[in-house]
Amino acid sequence: MLFLTNNYSLNNYSLKSKLSILLFILSFFCFKNTQAQLSKKHFIPPLTYAETGNANPENQYFYISTPSNKDVSYTIKQIGFPSSDITGIVSSSSPQEIFIASGDSQLFVDSRQTSAIHNNKGYIVEASDVIYVSIRVLAGGGAQAGALVSKGSSALGTTFRAGMYTNENPQTNYLNFISVMASEDNTQVTFDDLPTGISIKNYTGTLPISITLNEGESYVVAANAADNTINRDGLIGTLITTNDADKPIVVNTGSANGSFHNGGGRDYGIDQIVGLDKI
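Everything in the sequence shown is counted per the working numbering, starting at -15 for the first residue and increasing by one.
It is possible that part of the hints are untrue.
[Unchecked claim] When the alpha-carbon atoms are kept at most 30 Å apart in a straight line, the in silico BS3-like pairs for lysine-lysine are as follows:
{"no.": "1", "residue 1": "LYS231", "residue 2": "LYS61"}
{"no.": "2", "residue 1": "LYS262", "residue 2": "LYS231"}
{"no.": "3", "residue 1": "LYS54", "residue 2": "LYS231"}
Hints are computed from structural coordinates only; laboratory data are not their basis.
Turn these sequences into a full structure, and let the hints guide you.
Shown next, in the form of structure tokens:
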């Protein structure tokens, strides 16, 4: 009996040791992922939303911080409006909350204006040292909210797969979308692996969708979940690619609004994703 007890204790200790090592490795990867969001340059493609019901955007904010003990200067460039830069300073003890606007703004493209190239939406944020950048949004009479974390230079890629809510009980204010921004001129972007029968808002061409963007220009693909059955989750898994490895793009994707449930609940579900090379 004594032998069996000691053997159990040894095995239990060994299991705990292995679990500790595994947790350490996982925490290391989480730390590396957090570090990957630090960058001197951040791209924020515009968002969109369902124009009916309670998806309409309200107060919007930038949150900027840094691990640096020294002052770090930053500039928020509003694309298309070079004289309207927002500047400031952050340090590890002094993060900044910057109010953007309420309602339609530099951050949002009305979904009735999607499937078009925009040269006056979104932001590019530059800093003298590495910073964290995130966006927070209220919507729908304060009933909805969303947050997006910029991945900095790690967001730049040439191959992406989109994700968003599945919308099992679609409402007219459920909208899935993909928004891309080019970092270089003459960047050809293709949206592929789209299902037959999907109804893309404001788009009457053939599939796949292919467009050419210059630096800072953006393009939003959107599908209202209530338009047809395929639209509920038809944008999930969309393949987004560029034709040149030297011309990476940044992708924001998600739902505004949307749901994973078959009830009547809804919310914003948005984020900036990373490319295939970093997964």
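Hint check:
Between LYS231 and LYS61, the direct Cα distance comes to roughly 20 Å. Compliance with the 30 Å bound is thereby established for this hinted pair. For the given pair, LYS262 sits about 16 Å from LYS231 by alpha-carbon distance, which is consistent with the 30 Å threshold. For a cut-off of 30 Å, the pair hint linking LYS54 to LYS231 is broken: about 33 Å separates their Cα positions.
Hint compliance for this structure: hint 3 alone is broken.
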